[in-house]
Amino acid sequence: MIRNVIYGILLALMSVCLALAQTDAVPQDSAGTAPAAISPPQPVTGLTAKDTPDDHGHSITLKWTLSPDDQGGAHSVRTYEVFRWVPFFMDSMHARQYSVDSLMGLQTLWRRYLPFAKDSIKYFEKSGNAETARRFADTVAYIEKRTSTLRGEIKSLQRGIENDWERAPQAHAQYPNGGEWQMVGQTFAGQGNYVNSGQKDNTASDYLPNGCNFYYRVDAVTADPKIRTSSEIVGPVQATGQWYNVGRTPSLFATGIFVLLVLLFVRAARKGKELYVRPLAGIEAVDEAIGRATEMGKPILYVLGLGTAADIATIASFTVLARVAKRVAEYQTELIVPTYDPIVMSVAQETIKSAYADAGRPDSYREEIVFFVTQNQFAYVSAVNGIMLRQHPATNVYMGKFFAESLILAETGALAGSIQISGTDEIAQIPFFVVACDYTLIGEELYAASAYLGREPVLLGSLKAQDYAKAAVIILAILGAIAVNFGWTEFREIFRVVR
Amino acid sequence: MDFSTFLWTSFAAFLTLAIFSFLYKDNPLYKFAEHLFVGVSAGYFVVILFHNGLSPNLLQRLSDGDWYYLWLNSLRPWYIIPGILGILMFSRFSKKWAWVSRYPMAIYIGIAAGVAIPLEMTNRVLRQMVASMTPINWGNFLGSGYLDIASGYSEVIILTGAVSALVYFFFSTPHRGAIGGIAKYGIWILMLGFGATFGFTVMNRISLFANRIQFLWVNWMKNAFNVKGVNPQADTSYMLAFTVVALIFVGYVVWEIMKKFRKAETA
Numbered sequence: 002m003i004r005n006v007i008y009g010i011l012l013a014l015m016s017v018c019l020a021l022a023q024t025d026a027v028p029q030d031s032a033g034t035a036p037a038a039i040s041p042p043q044p045v046t047g048l049t050a051k052d053t054p055d056d057h058g059h060s061i062t063l064k065w066t067l068s069p070d071d072q073g074g075a076h077s078v079r080t081y082e083v084f085r086w087v088p089f090f091m092d093s094m095h096a097r098q099y100s101v102d103s104l105m106g107l108q109t110l111w112r113r114y115l116p117f118a119k120d121s122i123k124y125f126e127k128s129g130n131a132e133t134a135r136r137f138a139d140t141v142a143y144i145e146k147r148t149s150t151l152r153g154e155i156k157s158l159q160r161g162i163e164n165d166w167e168r169a170p171q172a173h174a175q176y177p178n179g180g181e182w183q184m185v186g187q188t189f190a191g192q193g194n195y196v197n198s199g200q201k202d203n204t205a206s207d208y209l210p211n212g213c214n215f216y217y218r219v220d221a222v223t224a225d226p227k228i229r230t231s232s233e234i235v236g237p238v239q240a241t242g243q244w245y246n247v248g249r250t251p252s253l254f255a256t257g258i259f260v261l262l263v264l265l266f267v268r269a270a271r272k273g274k275e276l277y278v279r280p281l282a283g284i285e286a287v288d289e290a291i292g293r294a295t296e297m298g299k300p301i302l303y304v305l306g307l308g309t310a311a312d313i314a315t316i317a318s319f320t321v322l323a324r325v326a327k328r329v330a331e332y333q334t335e336l337i338v339p340t341y342d343p344i345v346m347s348v349a350q351e352t353i354k355s356a357y358a359d360a361g362r363p364d365s366y367r368e369e370i371v372f373f374v375t376q377n378q379f380a381y382v383s384a385v386n387g388i389m390l391r392q393h394p395a396t397n398v399y400m401g402k403f404f405a406e407s408l409i410l411a412e413t414g415a416l417a418g419s420i421q422i423s424g425t426d427e428i429a430q431i432p433f434f435v436v437a438c439d440y441t442l443i444g445e446e447l448y449a450a451s452a453y454l455g456r457e458p459v460l461l462g463s464l465k466a467q468d469y470a471k472a473a474v475i476i477l478a479i480l481g482a483i484a485v486n487f488g489w490t491e492f493r494e495i496f497r498v499v500r
Numbered sequence: 011m012d013f014s015t016f017l018w019t020s021f022a023a024f025l026t027l028a029i030f031s032f033l034y035k036d037n038p039l040y041k042f043a044e045h046l047f048v049g050v051s052a053g054y055f056v057v058i059l060f061h062n063g064l065s066p067n068l069l070q071r072l073s074d075g076d077w078y079y080l081w082l083n084s085l086r087p088w089y090i091i092p093g094i095l096g097i098l099m100f101s102r103f104s105k106k107w108a109w110v111s112r113y114p115m116a117i118y119i120g121i122a123a124g125v126a127i128p129l130e131m132t133n134r135v136l137r138q139m140v141a142s143m144t145p146i147n148w149g150n151f152l153g154s155g156y157l158d159i160a161s162g163y164s165e166v167i168i169l170t171g172a173v174s175a176l177v178y179f180f181f182s183t184p185h186r187g188a189i190g191g192i193a194k195y196g197i198w199i200l201m202l203g204f205g206a207t208f209g210f211t212v213m214n215r216i217s218l219f220a221n222r223i224q225f226l227w228v229n230w231m232k233n234a235f236n237v238k239g240v241n242p243q244a245d246t247s248y249m250l251a252f253t254v255v256a257l258i259f260v261g262y263v264v265w266e267i268m269k270k271f272r273k274a275e276t277a
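If you're matching them up, the sequences are chains A and B in order. Start counting the first sequence at 2; every next residue gets the next number (my numbering). Start counting the second sequence at 11; every next residue gets the next number (my numbering).
None of these hints come from the bench; they were simulated from the model. Among the hints, erroneous ones may be present.
What the hints assert, rightly or not - Have a look at the derived ranges for each label pair, beta carbon to beta carbon:
1. A:GLU494 <-> B:ILE168: 14 to 24 Å
2. B:ILE168 <-> A:ARG168: 48 to 58 Å
3. B:ARG86 <-> A:ASP207: 58 to 68 Å
4. A:LYS119 <-> B:ARG86: 48 to 58 Å
5. B:ARG134 <-> A:ALA118: 54 to 64 Å
Claimed, not checked - Here are a few chain B residues that face chain A, going by a calculated C-beta distance under 10 Å:
6. LYS41
7. PHE180
8. ILE199
9. THR207
10. MET213
11. ASN214
12. ARG215
13. ILE216
14. GLU275
Just so you know, these numbers come straight off a predicted model, no measurement behind them. Ideal Cβ positions, reconstructed from N, Cα and C, are used throughout, including at glycine.
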């Protein structure tokens, strides 16, 4: 009985609370009328459109002052929609490009379909289904006839499009006739800028040509997309490319100073000035390792890594390879160089050939010393692992760019009992070499190794210049940290590369 | 799983096990898997290179020209230049003309170095230098700010670590005295970083291994042999095929062990 009374009271209380909540949820004005409908917001002001600086063109930067109704009131602005006036000419050009793409697709499709259709004719002729065979034969004949003309059609269409693109500036100059406003972007409330970037390739759907007059407007849009207010129209504005990126000025100065230092030290080295380079244990061990291989009568395996001939680490590795090859030629030891990249293979062959000639043993050089394996990372590793276990090289040298295969290689080499010397500038791979190899050149030591071995003025000079550059970086970093901590942040901004 | 899918999945499982057999020692099964892998990937590479490199970057761009005019009537005839440079690489097949291939190689390396130098200067020198110019949160450093005192020290550690690691890479000064001390601190910092990288990467490798084991158990064992009713299609032919392969494997292992024993006896 008491329980029923308590339930009754609780139910009554809940009903009262619900009623109160509903009253709060629907605001009513003093007259008790329905809530006010969304009204058009105030437009954005101060809209500017300028060519995006320091780029190759094909981009316009827009800025505006937010609408006073940005995120406030019943006519709150939720988004800003950016519109550009686009002549119908652009749409027709894109449509023509689309038809070219479709014809090219059809050409490919037919090329693949023809063998199947020809086989089908044979099959149905054999099985006695002459009617179906005839249909296939008709199709083949039609495709073959059309294919011969299709290529010419595609070519002429492509040329027509390419020539007609030259009319893009004239079409844009017709504003406001012969075109329409198209939305090109959208930002959320609170954001008063937008970069309208397009492609430079005129076959792309968002191609934005340079040198054309563009007109823009920005709509302040409410929760109801139909209720919006457009800004004033700005234009004409043209996208243009710049030859010089101002934001990268610090990089230009730093590179210039560094080049100057290199030239100075190379000159000093050429004049015979003694430039000290501290000994590198890994490189000192190279001669010892080659000697060991000669004594044991076993080959030396030199792995250039997975880098291309354009990677700095691979280029440094070529210098070390030249030194190793020269010693190998002098001691008449066997050298094995499996490569991952065909260009690296060609450069390595040239390097070794020159080294053998320098050692006075050009006759000992064989093309087979360097060979291409494959350009699949783990297939390459399995092949090199196989060489290690079957040919038992006395010394393994890994110099260059390495990735996930570093530990697999180094571990197999250790298992085979070879002396291992490694060097890479891939920071993530150095730990694996450190644990599994006898000597490791860490990062920049690989670049220094080439100078240390070659003793050439150019290399020594650049190494010395690098040291001075490092000293400058250290001093500037410390000075910058002090300056920033004392609130002088402008000092840091001098060195910031913007884009 | 139909029989043909079963066969292919079993072949993949066989290759996985063949590669794992390398953990024991180099053997014919590993050699088979290795040569198959290398051969297939080399062939695959040629096709990929043609379809992803040569065709879109050269042939398609010249496709609006005519072979009769050496594509010089194309809208973009300048693409013929890299094409010619590429063809020059084939001169390596002739001993007399091999020197010609040095020109494309020199151009390639020269362009690459030209592109790389400003990028390296920007990304590896200037951006890193600017990033090390960070204000120190003195409130945290002195322990009077937030509870996370370490965040106060981190900026100091980053700056001193970066500076000392750079000192380690000084090659024109012997590492003695103060320079030697700083360089030693630098190499410690480097080793700490390497240790963290090592642990992180090993974790990744273990996940790769787990993936392989998952393949063997889920894709192969469970599906092929109807473990827990996963694949009701599995019939005796599946088991027969598996038994044949398993017998070859076991036979090989027994042969290896016998060989070892015989060797020991002769010794």
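Hint check results:
A C-beta distance of roughly 20 Å is found between A:GLU494 and B:ILE168, which places it inside the suggested range of 14 to 24 Å. Distance hint for B:ILE168 and A:ARG168: a CB-CB separation of about 57 Å, consistent with the stated range 48 to 58 Å. Separated by about 21 Å at the C-beta atoms, B:ARG86 and A:ASP207 break the suggested range of 58 to 68 Å. Between A:LYS119 and B:ARG86, the C-beta spacing of about 35 Å breaks the proposed range 48 to 58 Å.
Separation of B:ARG134 from A:ALA118 is about 57 Å and conforms to the stated range, judged on CB atoms against 54 to 64 Å. Taken as an interface hint, B:LYS41 checks out: its beta carbon lies about 7 Å from the nearest beta carbon of chain A, inside 10 Å. A hinted interface residue such as B:PHE180 counts as satisfied when its beta carbon comes closer than 10 Å to some beta carbon of chain A; here the least separation is about 6 Å, so the hint holds. Here the hint on B:ILE199 is broken, as its CB sits about 12 Å from the closest CB of chain A, past 10 Å.
Interface restraint check: B:THR207 against chain A, minimum CB-CB distance 5 Å, threshold 10 Å, status holds. Of the supplied interface hints, the one on B:MET213 is violated, with its beta-carbon coming no nearer than about 13 Å to a beta-carbon of chain A, more than 10 Å. Using the Cβ-Cβ criterion of 10 Å, the hint placing B:ASN214 at the interface with chain A is satisfied: the shortest such distance is roughly 9 Å. For B:ARG215, the suggested interface contact is upheld, since its CB lies about 8 Å from the closest CB of chain A, less than 10 Å.
Using the Cβ-Cβ criterion of 10 Å, the hint placing B:ILE216 at the interface with chain A is not satisfied: the shortest such distance is roughly 13 Å. Proximity of B:GLU275 to chain A is violated relative to the hint, the smallest CB-CB distance being about 25 Å (cut-off 10 Å).
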